[in-house]
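S.K.: Model the full structure from these sequences, guided by the hints.
Listed below, chain by chain, are the residues.
Protein chains: 2
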Amino acid sequence: MNFKEFARSMRAATALAIAIALPVLGTPAAYAQSTQPAKPAQTPKQLEPSGRTIAMQGTANGVVACVTCHGASGEGNAAAGFPRLAGLGADYFEAQLAAFADGRRENAVMQPLAKNLSPGERKAVAQYFSSQPAPKGIRTEDPADATPSDSGAWLATRGRWQQDLPACVQCHGPGGAGVGSAFPPLAGQSAAYIEAQLNAWKNGKRPPGTLALMPAVASKLSDADMHAVAQYYAQQPSAEAGAAAAASQPASQTASQTASQPAAQPKADAGAPFQPPPESAMPGGDFGKSVKLGEQIFRHTGQYAGKFVGNSLSCANCHLDAGRKANSSPLWAAFVAYPAYRSKNGHVNTFAERLQGCFNYSMNGKAPPLGDPVLVALESYSYWLATGAPVGGKVAGRGYPKLPAPAQKADYARGATVYAQHCAACHGADGQGKSSNGQTVFPPLWGARSFNWGAGMHETQNAAGFIKANMPLGLGGTLTDQEAWDVATFMDSHERPQDPRFKGSVAQTRAKYHDTPNSLYGTVVNGHLLGSP
Amino acid sequence: MNFKEFARSMRAATALAIAIALPVLGTPAAYAQSTQPAKPAQTPKQLEPSGRTIAMQGTANGVVACVTCHGASGEGNAAAGFPRLAGLGADYFEAQLAAFADGRRENAVMQPLAKNLSPGERKAVAQYFSSQPAPKGIRTEDPADATPSDSGAWLATRGRWQQDLPACVQCHGPGGAGVGSAFPPLAGQSAAYIEAQLNAWKNGKRPPGTLALMPAVASKLSDADMHAVAQYYAQQPSAEAGAAAAASQPASQTASQTASQPAAQPKADAGAPFQPPPESAMPGGDFGKSVKLGEQIFRHTGQYAGKFVGNSLSCANCHLDAGRKANSSPLWAAFVAYPAYRSKNGHVNTFAERLQGCFNYSMNGKAPPLGDPVLVALESYSYWLATGAPVGGKVAGRGYPKLPAPAQKADYARGATVYAQHCAACHGADGQGKSSNGQTVFPPLWGARSFNWGAGMHETQNAAGFIKANMPLGLGGTLTDQEAWDVATFMDSHERPQDPRFKGSVAQTRAKYHDTPNSLYGTVVNGHLLGSP
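These protein sequence lines map, in sequence, to chains G and R. Each residue of the first sequence is one higher than the one before, starting from 3 at the first, in the numbering used here. Each residue of the second sequence is one higher than the one before, starting from 3 at the first, in the numbering used here.
Simulated from the structure, these hints should not be mistaken for lab results.
The list treats identical chains as one, so a pair stands whether inside a single copy or across any two.
Dumping the calculated BS3-like pairs for lysine-lysine here, alpha-carbon to alpha-carbon at most 30 Å:
(1) K514 with K291
(2) K291 with K404
(3) K396 with K291
(4) K291 with K346
(5) K396 with K294
(6) K505 with K291
M.R.: Pasting the structure below:
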């Protein structure tokens, strides 16, 4: 938070100072004086107080009690723009204090306070707030029916993939509840705080953080976008704080209306892919209900079609932007390509049967029977997304990009390094992904809850193409081809559920279905025969 | 046959006179002298000889025995271009003799002979030849795999519907075997004869015949077309005659190659409908096999999908040109319109389910289950026909034209008159259609072997639109709107198989499914409650 932002927060805070009824050591207005604080004298290290003591009472070294500004329970002060601290991940919290202390994260108030905390004190206070429950009243679910005209809700839950801009929830979890230590909660943070942070990333005033995702995100957001998405999350915290935030931001309602989607900005290397109709054009009536249901199934497959799903994935994990995104096997391109012969099962498949294949393999489940409303809805949604696309046409952006063969043979060890650097923050060091509120946020890439050995993604050229085009989320195209091949090989060298077409032995199954250099099924990696129990 | 044509036949005949080994009273060459015969003296009516006697011996009145030129069994003389007489319908035969006699059908040889036969003698000889078996060796089936590059076979079996030109087989039956009295056999007729007749119709040298269909047909055929289609049927008769015809027409192979399809000529009132890909573009491989199978099922539904069909219809009876024809519910327009909600069954139907509806109602059968190869093939074929059509697009030419409401309320009695004049020749006075070689040529329009009360065609606005656009076959647009409404009402006022959704009583079924002025189900016509046993 730079001075200008801080001063703006102060104006709002002053106007609403009467609303603050917490037992604070001083009013927020009092802190306006500390924007240019005298530098505290360095003191020798002493016995460190507990995290709770620091939070509630401050330190003998002049550090003010955290609760002074951040609320008695660390719930934050929406009106003042002081963030919620309760329930933040300890690693994230500690890292922020370190960044304040050395000036990478600019904030005139926090810098001297953080500097006056020893590393041990920072850890202690981080652990304390991390252990505190999230403020009550935070909405933990996003509305099921966000519309593009509500640009804050849309950006938060759907993103803007024409610009490779992921939705907030894709990293911060449903409802912005936060995921792991890398992705802090957004729910319960005030609009002023969120908007200020987005501006800080856009202007280089905050460290780039995990995978430098947030500077990339913020660079794609207009002022109106930031305001709208901040308002969206401002409606999520506890009742009184939310009301205060709404009262303090009277201009927000009009501002959010101007946060319309900019013109599509397809990737330079993607040609001019087909553009599916905008969400706002989704039809109504009974057909529209089927289209909408299809979209919901596609985005939250376990929730809407759970009995056909055998893992933790959703269709949209591999078909980004709810099946809209070019070069991410978009539904519109698939719809116009069926019926077609598939060597995978040796006959002509209708689109419906192709969908069944996704359930049987990618979803490691049991496909709905033909005619099941789940399949009808998915077909309806796909058909609608394909509106105007030429039947049988080889539309640009279909499937995943076909990467040229790697310069060096794809390598597990190099892939492991790529994984650790670019993937583990989201998918976990163990590849098991991450969830929030019982919903998968980052899908498991291998193991019992991932796609099985019959899924297309288990073939390295498919995985490499997907990864190159789309990973890390929102940073598609940043890995080299070699890195994509290597990390795809690493991912697909791990064990996963058996191919449902298993022929009695791994060798027979490989001979029948996997006799290709792109499949590691039936090969030995690190002493383990892939595909064996 | 005018003089020029006759003389051309004679040149061919002379060249091959040696091939003629029949016990004739004179050689064909001898008849060249009779192109300007002396007018026989009129003789008083006398006891008429039998048809067989006339055929074998001629008459005392100077009429030469028919077999002299037409072969001992009435099999014709391909080399000379003298037509086959054996097995021709008696009514057709008699009408031709009458036309020769009064000069409406021009032929210098036949005119004096026909004039010298009394009406009774003409009837007798017509009946004699009608009772004779068709020449042996005639191919009774068309090749299953005609290709557009074989323009003769293509015109004979598929027509050229861009010009509203029906296939020969659509009236003359499979293999050109002939249908009823109005449509004589083509199989077993020589190329020279067929080509000459087509030219005669084109140039007004033959009476227009049934519904004036043949002048309309011939007007759409180029010289090369006529030659090609004549050659196609010239390959159909008995071995020796066919060989002779082939030898006599060495130019035919090259000529047929020039009989390519002209540029599409859409109807003036049809806008610019979508053009499906040409048959020559049909893909190969396994997918192509499914497409081809779909086309075969569509054209010969009983033959290729019999267990799902409960009547004598084929899909192509209502979807002309094998589902290609605009304004005849073309498959390409249907494919891009599904999934869609249908009030008929109250939910969103995929294209596959829509196809099932056709089997259950229009085909009065039991639909194949979803995923059945029959449905997959039909969907493949439809998809291929729709190549390049925009998904969800309202393509011009879809469905049947929506006729404006008739000026006068549609009327059964007027419809009966229209039917007798324009429809009965093909569909029969009893509406039961006509078949040949066990295959339906003209579909039954009502009764047990027609579509049931659940089919779309039982609704008068659908039937009127179809009829206006497409009936009589090849003469679409010739009926007035009023005539189309009247005859549709006449057709749909007849009994047909029960609606499979029958609700226990006609009244309940009407209330549930047919409560529309366009459905006569459940109304009383001529004292009969339609829909009751």
